[in-house]
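What follows is each chain in one-letter form.
Number of protein chains: 2
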Amino acid sequence: MKNLLQNPNEISITGAIWIERQDGTDRFLGKGRIELLELIVEHGSISKAAKAMEMSYKRAWDLVNSMNSQTLQPLVITQTGGKSGGGTLVTAEGLQAIDDYKVLQNRFQAFLLQENQCLK
Amino acid sequence: MKNLLQNPNEISITGAIWIERQDGTDRFLGKGRIELLELIVEHGSISKAAKAMEMSYKRAWDLVNSMNSQTLQPLVITQTGGKSGGGTLVTAEGLQAIDDYKVLQNRFQAFLLQENQCLK
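Protein sequences, first through last, are from chains D and R. Start counting the first sequence at 1; every next residue gets the next number (the working numbering). Start counting the second sequence at 1; every next residue gets the next number (the working numbering).
By construction, these hints were calculated from the structure, which means they are not laboratory data. Warning: the hint list may mix true and false statements.
Any copy will do: because identical chains look the same in the list, a pair fits if it lies in one copy or spans two.
[What the hints assert, rightly or not] Each computed BS3-like pair below joins lysine-lysine, with the alpha-carbon atoms no more than 30 Å apart:
1. Lys58 with Lys2
2. Lys102 with Lys58
3. Lys31 with Lys102
4. Lys102 with Lys120
Work out the full structure: start from the sequences and follow the hints.
Next up, the structure:
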């Protein structure tokens, strides 16, 4: 491949992975959804997480609903009232989803690193 | 991951890889560009290849120009006149680009297959 190029050292192999329904009707997890979950952990709020990603509040809710609708237990829960005045929490299942995705993402990065090192 | 899901057997890991400039200013090759090259081989015409992909002629030309501008030798050449009345050819370098990408794509598919087999 590199023998074809004017600037062979300026290119690299990159990519993305995600987890989706096999029938293609919906995604379950991808880089954006994981970033959203992490920002909900950080901010305790879907609206603040959406803002941090420059994403609309509606879009963020749609993503959260998509994830929650596919799991046995919700990944994100919204509490109203109570002593703390409510808030949004990423559940233990949500934290596991983040961790599992990151393990997968790390192996994908290792794959890309190896392919880039071998790229001729 | 699967332990979280209502329908654990309906999900799979998928993804995409592409080759781009490290500074992010342009892509060199990806699935769509390879499909375009293959269709130019098949049809001997950028306009017919574009039509087969439901892509505008302008978009197809832009992609061809992007690839050609990054290589030492063009991947696609357009001949005008001559006995055959002109036509568009994918060069030996273009054919190599297709082959090299497919080898990479096959290794990526093997990676995804293995990850899907191990997905818990």
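The hints, checked one at a time:
| no. | hint | result |
| --- | --- | --- |
| 1 | Lys58 with Lys2 | between (44 Å within a copy, 27 Å between copies) |
| 2 | Lys102 with Lys58 | within (26 Å within a copy, 39 Å between copies) |
| 3 | Lys31 with Lys102 | both (9 Å within a copy, 25 Å between copies) |
| 4 | Lys102 with Lys120 | both (29 Å within a copy, 14 Å between copies) |
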